[in-house]
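Trainee: Given only the sequences and the hints, what does the whole structure look like? Please build it.
Number of protein chains: 2
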Amino acid sequence: MQRPIAILDSGVGGLTVVREVMRQLPREKVIYFGDTARTPYGPRPAEEVIRFTREIVSYLMQFKPKMIIIACNTATAVALEEIRSFVDVPVVGVINPGARAAINSTKSGVVGIIGTVGTVRSRAYEEALKRLNPNIHVASLACPQFVPLVEQGNFRSDETDETVRDSLTPLKDIPLDTLILGCTHYPFLTESIGAVMGPGVKLISSDSETAREMSTILQETGKLASQPELPVHQFFCSGDPRIFKRIAQQWLGKQIVLTPVVWQIPQIG
Amino acid sequence: MQRPIAILDSGVGGLTVVREVMRQLPREKVIYFGDTARTPYGPRPAEEVIRFTREIVSYLMQFKPKMIIIACNTATAVALEEIRSFVDVPVVGVINPGARAAINSTKSGVVGIIGTVGTVRSRAYEEALKRLNPNIHVASLACPQFVPLVEQGNFRSDETDETVRDSLTPLKDIPLDTLILGCTHYPFLTESIGAVMGPGVKLISSDSETAREMSTILQETGKLASQPELPVHQFFCSGDPRIFKRIAQQWLGKQIVLTPVVWQIPQIG
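Read top to bottom, the protein sequences are chains C and Y.
Quick note on my numbering: the first sequence kicks off at 710 and runs consecutively.
Quick note on my numbering: the second sequence kicks off at 710 and runs consecutively.
Check before you lean on any hint, since a few could be wrong.
As the list makes no split between identical chains, a pair holds if one copy fits it or if it spans any two.
Calculated cross-link-like contacts (lysine to aspartate or glutamate; reagent style DMTMM-like; alpha-carbon spacing at most 25 Å) [stated by the list, open to error]:
(1) 816 / 836
(2) 911 / 791
(3) 881 / 836
(4) 816 / 938
(5) 963 / 900
(6) 773 / 791
(7) 738 / 875
(8) 932 / 791
(9) 932 / 836
These are calculated hints, taken from the structure and not from any lab test.
Mentor: Take a look at the structure:
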């Protein structure tokens with residue numbers, strides 16, 4: 710039997726990773742969990758984010774995934790090591806892939822990062838970048854207004870453009886040539902962000918980079934799916950299923966199988 | 710003690726991978742072997758390429774590398790599995806990283822591949838692409854005139870431009886948006902190839918993609934170098950040391966420590 714890849718996020722942001730997995734590795738089956746009842750994670754204390762992430766991972770383990778993707782920068786920043794310590798399958802976050810892609814992209818050696826308050830405060834990207842290459846210069850900026858826009862499905866509008874422009878003003882005078890979209894919600898706003906930053910700044914999305922590293926690790930460990938038929942993905946959300954389903958179908962371009970979760974705190978070890 | 714990464718190639722082509730490792734992961738120490746006495750590998754029978762690759766890997770194992778990179782497409786195509794079966798460290802080739810990057814890049818789903826006769830005949834890229842994503846369409850072309858240009862250090866000239874233009878003519882009518890430079894020598898010719906293919910075709914270099922996958926695998930297995938001081942790399946070649954040294958210093962932009970190898974066939978298991 711084909712074991713799935715479990716992908717979890719605080720809400721709909723991780724769907725950007727799902728779309729990339731479907732595009733790059735169409736044979737892989739995905740089980741997705743969006744914690745839409747408790748989104749956003751960005752402003753929450755680290756202990757709470759760790760607890761929520763553990764709950765969701767415990768829930769997803771019933772599907773016997775071969776890999777877990779924490780498709781949420783905030784949860785990756787504070788909970789990745791914790792989750793790695795209590796499951797026996799590879800756990801991939803979105804921060805190392807984004808950092809690695811930024812290092813591959815930058816010529817000036819100056820990399821910008823935008824993310825939630827939680828992600829920026831954790832300094833997880835700075836540390837990931839410096840661990841790989843100590844010569845990289847980093848400029849970080851929290852953009853707390855972006856996630857609510859995306860969770861409302863407000864991807865492109867005059868209001869969105871204005872919010873994006875105002876939020877990114879502090880980065881305009883910094884000589885960066887690469888900007889990490891350090892939140893899986895932000896690729897929904899790529900057009901606005903790209904228009905503000907201009908063509909000289911390459912945007913790095915966690916979504917495609919994470920799907921690609923997932924592909925590397927599955928292949929190196931001999932776990933790539935090989936069955937010829939296309940898989941049926943499954944989606945779970947803890948909040949309003951109508952909004953989730955609308956955004957998921959709009960973003961993924963297809964009908965989805967959605968199971969709303971009446972959230973009960975699972976037993977965790 | 711810091712264990713090095715062993716990188717081997719049929720000649721100077723693998724220096725493109727070395728440069729990317731130095732750029733992306735400046736803390737990693739590299740031991741490089743260029744088999745310049747027996748280059749090119751492209752036109753040779755598979756059995757011979759396998760034998761040469763085994764000889765070089767056996768030689769390099771004395772340095773106790775933590776990873777081996779086969780930075781030669783021809784050798785990857787025919788010898789990767791063989792080498793994996795007789796060493797106990799991870800062995801990374803250049804084909805899977807290039808295929809993965811092409812899948813990430815393409816929007817049209819049509820990917821071109823240029824390589825040596827040996828690489829194209831092996832169909833290794835087609836198989837790597839289809840294994841990841843069966844929906845990709847592939848067009849392959851052997852360019853046997855490219856490696857001699859590079860091994861002579863003739864990176865950009867009217868002669869080079871003309872050879873590149875003539876060689877790539879068969880690809881001009883194919884609606885590809887991504888072209889894999891399926892030979893580690895070809896990044897030396899990026900300017901010429903890019904000028905012929907035009908801005909609508911993204912060029913995928915094995916060099917940066919392979920360095921990046923190396924980074925992923927080292928990090929996932931907890932083997933990234935962490936010492937603060939910069940490493941001293943070592944270079945070996947089996948042919949004329951003057952040509953090798955000139956190309957290496959020109960390409961890497963620094964003085965190198967080169968040990969010419971008086972080639973003796975090592976004992977292999």
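Trainee: Indicate, hint by hint, whether the structure satisfies it.
Mentor: Comparing the hints with the structure gives:
1. 816 / 836: Result: close within a single copy only, 19 Å intra versus 33 Å inter.
2. 911 / 791: neither (32 Å within a copy, 39 Å between copies)
3. 881 / 836: within (23 Å within a copy, 45 Å between copies)
4. 816 / 938: So residue 816 and residue 938 pass the 25 Å test across copies only (22 Å; inside, 42 Å).
5. 963 / 900: The answer is within: 22 Å in one copy meets 25 Å, while 41 Å across copies does not.
6. 773 / 791: within (19 Å within a copy, 33 Å between copies)
7. 738 / 875: Neither: 39 Å inside a chain and 44 Å across chains, both beyond 25 Å.
8. 932 / 791: Answer is both; intra-copy 24 Å and inter-copy 20 Å each pass.
9. 932 / 836: between (30 Å within a copy, 17 Å between copies)
Of the numbered hints listed earlier, those contradicted by the structure are 2 and 7.
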